[in-house]
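Take the given structure of chain B and dock chains R and Z to it, following the hints.
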Amino acid sequence: MPLSPTDVSRIAHLARLELQDHEQASMLVQLNGFFSIVEQMGAVDTRGVAPLYTPLSAVAEVALRLRDDIVTERNEREANQRSAPAVEDGLFLVPKVIE
Amino acid sequence: MSATLIRGYEVVIGLETHAQLSTDSKIFSGSSTRFGAEPNTQASPVDLALPGTLPVMNRGAVERAIRFGLAVGAKVATQSIFARKNYFYPDLPKGYQISQYETPVVQGGSVTFFVGEREHRVNLTRAHLEEDAGKSLHEDYAGQTGIDLNRAGTPLLEIVSEPDMRSSAEAAEYARALHALVVWLGICDGNMQEGSFRCDANVSVRRPGAPFGTRREIKNLNSFKFLQQAIDYEIQWQIDLIEDGGEVQQATVLFNPDTGETRAMRTKEEAHDYRYFPDPDLPPLVIAPTWIEAVRAEMPELPRAMAERFQREHGLPAYDAAMMTQSKAMGRYFEAAARACGAPKPVANWLMGEVSKRLNAEARTIEDSPVDAATLAALIGRIADGTVSNNAARQVFDALWAAGMPAAAAEPLAQVDALIEAKGLRQMNDSGELERIVDEVLAAQAKSVEEYRAGKDKAFNALVGQVMKASKGKANPAQASELLKKKLG
Amino acid sequence: MSATPLHEQGVADLARGLAAGALSSVELTQHLLARVAAHRGLGAWLCVDEDGALAQAAEADRRRAAGETAPLLGVPIAHKDIFVTRALPTTAGSRMLEGYRSPFDATVVQRLAEAGAVTLGKLNCDEFAMGSANENSAYGVVRNPWDTGRVPGGSSGGSAAAVAARLVPAATGTDTGGSIRQPASFCGITGIKPTYGVCSRYGMIAFASSLDQAGPMARSAEDCALLLSAMSGFDERDATSAERPPQDYVAAMRRGRDGADAARPLAGLRIGLPREFFPQALSADVDGAVRAALAELEKLGAVLVDVSLPRTELSIPVYYIIAPAEASSNLSRYDGVRYGHRAERYADLLDMYKKSRAEGFGAEVKRRIMIGTYVLSHGYYDAYYLQAQKLRRMIADDFQACFAHCDLIAGPVTPTVAWALGDKADDPVKNYLADIFTLPASLAGLPGMSLPAGFGEHGLPVGLQLIGNYFDEGRLLHAAHAFQQATDWHRRAPALA
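Chains as they are written, first to last, in numbering that gives the first Met the number 0: chain B, 0 to 98; chain R, 0 to 488; chain Z, 0 to 496.
To be clear, the hints were calculated from the coordinates, so they are not data collected in a lab.
Take the hints with a grain of salt, since some may be wrong.
To be verified - Some, not all, of what chain B presents toward chain Z, calculated at C-beta under 8 angstroms:
hint: 1; residue: 15
hint: 2; residue: 28
hint: 3; residue: 29
hint: 4; residue: 32
hint: 5; residue: 36
hint: 6; residue: 51
hint: 7; residue: 57
hint: 8; residue: 60
hint: 9; residue: 62
Said to hold, decoys possible - Using C-beta positions, here's what the derived DEER-type ranges look like:
hint: 10; chain 1: B; residue 1: 88; chain 2: Z; residue 2: 98; range: 16 to 26 angstroms
hint: 11; chain 1: B; residue 1: 88; chain 2: Z; residue 2: 235; range: 30 to 40 angstroms
hint: 12; chain 1: B; residue 1: 78; chain 2: R; residue 2: 34; range: 19 to 29 angstroms
hint: 13; chain 1: R; residue 1: 259; chain 2: B; residue 2: 25; range: 51 to 61 angstroms
hint: 14; chain 1: R; residue 1: 33; chain 2: B; residue 2: 25; range: 48 to 58 angstroms
hint: 15; chain 1: B; residue 1: 88; chain 2: Z; residue 2: 247; range: 49 to 59 angstroms
hint: 16; chain 1: R; residue 1: 210; chain 2: B; residue 2: 38; range: 33 to 43 angstroms
hint: 17; chain 1: Z; residue 1: 278; chain 2: R; residue 2: 72; range: 54 to 64 angstroms
hint: 18; chain 1: R; residue 1: 389; chain 2: B; residue 2: 88; range: 51 to 61 angstroms
hint: 19; chain 1: Z; residue 1: 380; chain 2: R; residue 2: 311; range: 46 to 56 angstroms
hint: 20; chain 1: R; residue 1: 109; chain 2: B; residue 2: 71; range: 35 to 45 angstroms
hint: 21; chain 1: Z; residue 1: 4; chain 2: B; residue 2: 38; range: 50 to 60 angstroms
hint: 22; chain 1: R; residue 1: 210; chain 2: Z; residue 2: 235; range: 48 to 58 angstroms
The C-beta atom is built at its ideal place from N, Cα and C for all residues, glycine as well.
So here's chain B without its partners, still in its complex pose (with noise of 0.2 angstroms):
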């Protein structure tokens, strides 16, 4: 089903994009024209496919590797925030956050 402009401004909100008139017209007919080749997708029988979410485990079972907990990290508070925006006291600072 193709989407609507209200989709593309509803998707575009949910991701905190900010799209111009003219981006949200063209970004509708791009989406659709997608779309229009995603739909034989559906088609296809997949039950009792078990979903492939990491490549390897087509072939063998793969585990979470785990840490152990041990402190390995050290202040490096100036060298993270060299490429911050906007730090004071060492704090990130935003726009006024309302609760």
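Positioned in the frame of chain B, the structure of chains R and Z alone reads:
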């Protein structure tokens, strides 16, 4: 759960509790989880979600989740999945929270606790591992908010209850029991001021028998008192709304301890769409049965098991047993004292009464009670052998408490006896002396004697009182009344 | 050493020459830096680190003089700008990361440095590795050295162009849906995308986490083997990194087959040809070059067998659901709070997010974020993302069925040779369709290679794709090496203006 109705409505409460797990390092990075460090000094590239960083899971967090699962009799999933919960917030560096969605590590289980003398059981839906977010500091930075990500990535166990609670008191007691349990298990430090243990309460009301009402979620309650206050306010608010013909809208609300009121969050509930999907950076968490068994073998005796043992071995009533197992320390204290004096029930009474009263008044815990188990046992022993009356014992206890912990050298019994003598509280066991006093009283209280003979029992009590008074409280009330009865024939 | 000009020599030749003391890393580095400067017009470089490179070269020569050795000691390379580096800026080809400095090096970068490689600089790429023409970089297009009016392919377009133009003997690339193999094919060089998990993703800016793999791009299979040996290996910082002992891919590449001889080094090697890889739509020049290469492989002793990958066409929607879904989430961290672009003016927090991201991301990235957000959103997850992941398993199973009948799979890398700049720029879907032959191996996580197999229309290079089973890089490299011993396509260099 017999529903106690409020203004004709049944209250339905479910709790989501976030317990910070007591690991040294974060759930997905090697940063320290220590509380109170300078802003962002414990925020590594992984915690800051710098480009190219990846999460690596902390075994210690998983081990603690297993411990909890076993403690509440839940199923510990041999395979569980980490998922991404996507939303934008400045204290959420990746723009998603790594959590567990469809397949949590702990499934089911239950928690039991007492409300007054009545035992309750709340079933758990699940408990899952996830990462904590950072902190937004709202104090003014030129009209801006400051973000500290030291807390980001601290391991959390989110414990979700079924909507099994029917009053704010139940909810508070459930939260206390859960808090006691995670501390008992050593998986959470339980420090509520520091946010180590926080509750979200889902509250709705309905007419008895009606389907569940629409719920509102009260966020981040970090004290049992606030939890109960917030729920009480919320219940009245919802009932008022319905009574005024309004309809409860699903919402997330905040509790303001100063006003005692709840208010909907201003961040508008733009239909949350978290776009959960399995985190491709983290393969499935596989927990071998052998690991679960190893953890089981290491488990401490659980409060419930200890309480049952206290009922069995020390003949305590269920309620007392539950009270004696509110913390490991309490359990230890009770057992030590009970063993030392061989009088478990009186020990429980003293702990629930005098001791708790003073501890609460001074906001102390049993660990730092000035009167240790051996000393309390010695005192209770002296009541049992008739050396002192209960009232006298209370005076001795006051003195012991005031004195604080005795020098290690001081032998408890000697210390107790010394106080009894010093205060002249030893009960009179010399019958000659007692008889002399009884005769005096009978002579002086002719009126009471007549009344007694006329069948007024109150008069008899008065006479006993006189004897006690004349003996300056040292007479043994039992002996005194016995002797009076004899003399009055 | 041969009198071949330094820039014509590959990694192996140079490593030998440096080891033999026939040349110094400093003279080599100077020579290449001069070429880089002379060909800035290709747009391949986002950052050239002359001083740093010369310092590293001098250090390499010093270590050599001190009797130290390392597999790549003193050999100049360059990194796709998708790998974070402490010493140099990292942009991922995006305005979002303009001027970003990473406090750490990517594992791949660190390992190549430990192997003694000298880093000349960082190479242009499609923004966040999203693209197949390198027209999506915020820092300008990269031109194909064979015809500067054409695209070099993408997303590792800068790497492919720089190596093809002989500006650097080898470069790192990343491949999510073909981003190493397709540009290698368009530019006539050799590239390998190893099995998912062979190279650490730590420090590789994420596009689609379950698909991204790093790999080398160079002039020959031997050079790729040398680099891959250094780049690969288990990394505890990447939970999806394969726990395997270090591999010597050069040795694996050289290991002879039983019953093989100098004339027939591939004796008995079964190469499967999926019929779906040779459709009507395949352009004649590519078809011709690939079939000629296959005939060459037969001459070398390989046996060609027919196989089928019935869901080859489906891999396009499957990939373009999964990759954008993961990307939409991976790119949420670019919010202008801790690093990266923040809009100049905004009304409030929400507005800051929306403007910063709108200004920081390019059109293709926005498109994929939109697609990914949509397919994961409430009510669509099962129909799109879940269905795609199920089909992904079916596609992986199809490969295993093939490998029951063959050792390797071969076919074209792309349906056509490199297209003209701007040709598909305004039609994303057309771009997506051109990825049809590289997507299946990516979805399955299998290793794939592209090696020069001749030339097609307008004298543009055509690549041959070889796909192996999981962790079968050695066999892949062995076959590619044998082919390159018998052919000289990989030695052909573009004539640069």
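Against the structure, the hints:
1. 15: With a closest approach of 4 angstroms, the residue 15 of chain B hint holds.
2. 28: Result: violated, 10 angstroms to nearest chain Z Cβ.
3. 29: 6 angstroms, holds
4. 32: Result: holds, 5 angstroms to nearest chain Z Cβ.
5. 36: 6 angstroms, holds
6. 51: OK, holds: residue 51 of chain B within 8 angstroms of chain Z, min 4 angstroms.
7. 57: 4 angstroms, holds
8. 60: Violated: closest Cβ of chain Z sits about 13 angstroms from residue 60 of chain B, beyond 8 angstroms.
9. 62: Violated, about 10 angstroms.
10. B:88 x Z:98: 16 to 26 angstroms: Taking Cβ atoms as reference, residue 88 of chain B and residue 98 of chain Z lie about 23 angstroms apart, which means the hint holds.
11. B:88 x Z:235: 30 to 40 angstroms: 34 angstroms, holds
12. B:78 x R:34: 19 to 29 angstroms: Once the Cβ atoms are compared, 24 angstroms apart, the range 19 to 29 angstroms for residue 34 of chain R and residue 78 of chain B holds.
13. R:259 x B:25: 51 to 61 angstroms: The hint (51 to 61 angstroms, Cβ to Cβ) holds, given that residue 259 of chain R and residue 25 of chain B are roughly 53 angstroms apart.
14. R:33 x B:25: 48 to 58 angstroms: 51 angstroms, holds
15. B:88 x Z:247: 49 to 59 angstroms: At roughly 52 angstroms between Cβ atoms, residue 247 of chain Z and residue 88 of chain B fall inside 49 to 59 angstroms, so the hint holds.
16. R:210 x B:38: 33 to 43 angstroms: 39 angstroms Cβ-Cβ, so the 33 to 43 angstroms window holds.
17. Z:278 x R:72: 54 to 64 angstroms: Roughly 59 angstroms apart at Cβ, these two residues keep to the hinted range, so it holds.
18. R:389 x B:88: 51 to 61 angstroms: Hint holds: Cβ distance 60 angstroms, inside 51 to 61 angstroms.
19. Z:380 x R:311: 46 to 56 angstroms: 53 angstroms, holds
20. R:109 x B:71: 35 to 45 angstroms: For residue 71 of chain B against residue 109 of chain R, whose Cβ atoms are near 38 angstroms apart, the range 35 to 45 angstroms holds.
21. Z:4 x B:38: 50 to 60 angstroms: Since residue 4 of chain Z and residue 38 of chain B have Cβ atoms about 54 angstroms apart, the given range 50 to 60 angstroms holds.
22. R:210 x Z:235: 48 to 58 angstroms: 51 angstroms, holds
Violation of the numbered hints given earlier is confined to hints 2, 8 and 9; the remaining hints are satisfied by the structure.
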